[in-house]
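Asker: Chains P and F, in that order, are what the protein sequence lines are. Count along the first sequence from 1, then add 504; that gives the number in my numbering. Count along the second sequence from 1, then add 173; that gives the number in my numbering.
Keep in mind that the hints were calculated from the coordinates and are not lab data. Keep in mind that the hints are not guaranteed to be accurate.
Unchecked claim - Under the rule of at most 16 Å between Cα atoms (straight-line distance), these lysine to aspartate or glutamate pairs were calculated in the EDC-like manner:
1. P/608 - F/190
2. P/611 - F/215
3. F/230 - P/598
4. P/546 - F/215
Bear in mind the structure is a predicted one, so any value in this text is a computation, not a measurement.
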Amino acid sequence: KQEVTQIPAALSVPEGENLVLNCSFTDSAIYNLQWFRQDPGKGLTSLLLIQSSQREQTSGRLNASLDKSSGRSTLYIAASQPGDSATYLCAVREGSQGNLIFGKGTKLSVKP
Amino acid sequence: AAGVIQSPRHLIKEKRETATLKCYPIPRHDTVYWYQQGPGQDPQFLISFYEKMQSDKGSIPDRFSAQQFSDYHSELNMSSLELGDSALYFCASSSTINLFNKQYFGPGTRLTVT
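One chain only, chain F, in its complex shape:
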């Protein structure tokens, strides 16, 4: 079965640079969620999209922005990177028409800011 795809899997950037993380949800899933997991921390919700519209916002810094495109893939854009942005970034997708609307997680993108 198709799973959530995230790219790249690893990314190394320097301070003040920008980064773009991509997420390809499971086919026919209409909702995408982004989470950030810092070293030794639990995943924290950043932002979500339903049918290409932002549906909820969590602890996402103003330096970050995200969108969902017409093909339902989503991109998380991160600017003016800081050392503290180093983390594992997860994308999850779900379908509102599926039983329990379960979230399925991608493998994550590990971002290292040096």
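Same shape as in the complex, but just chain P:
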């Protein structure tokens, strides 16, 4: 059974720092991996989607990498801002029509 783990569970950094969020999954036979942002009590905002054949995706200050063979993905946030404070969720999909399996998230706090 696929399990997704995110480390750390919580992270507090000063504004301007570059940071890395980690995601690992137990079964490397994934279709794709997605990173989401969730503000408290709010919905899921998709940040980046990486197909299993891809190594990384970039959007603005965000860069996500995927090492499928080792079951790992990282989300790199450059020059963090207080507005980046949220919970970041990693989710894997095992088939082209499969559901998403989520990690428990990393709660990020960026202090001014």
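Got chain P sorted already, so can you dock chain F onto it with the hints?
Answerer: What follows is chain F alone, placed relative to chain P:
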């Protein structure tokens, strides 16, 4: 661009009552997924439909049922509500003919059971 619509956005029910949550997928999307996110928890997959047929089932209680209609909207019916059913319920839709068949999430319905 049109997004996934969920209604209602907030719902308050008492124990043992029933609730119906609705999801309107992005036009021309053929697959709908339902997820449940309890307080402080990660979203858990409940059930999915492809072309109006149930395609996969996750941790959906027997008290819950769902269907997808001819216009592709979906409804999640929840009966004999329990306090533990209080959660954020997300619907997502995707299209099998789109690149990567990405799931697009709705804003969620917050269900509170008192």
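Asker: Would you mind marking each hint as holding or not holding in the structure?
Answerer: Each hint tested on the structure:
| no. | hint | result |
| --- | --- | --- |
| 1 | P/608 - F/190 | violated (30 Å) |
| 2 | P/611 - F/215 | holds (12 Å) |
| 3 | F/230 - P/598 | holds (14 Å) |
| 4 | P/546 - F/215 | holds (13 Å) |
The structure fails to meet hint 1 from the earlier list, while all remaining hints are met.
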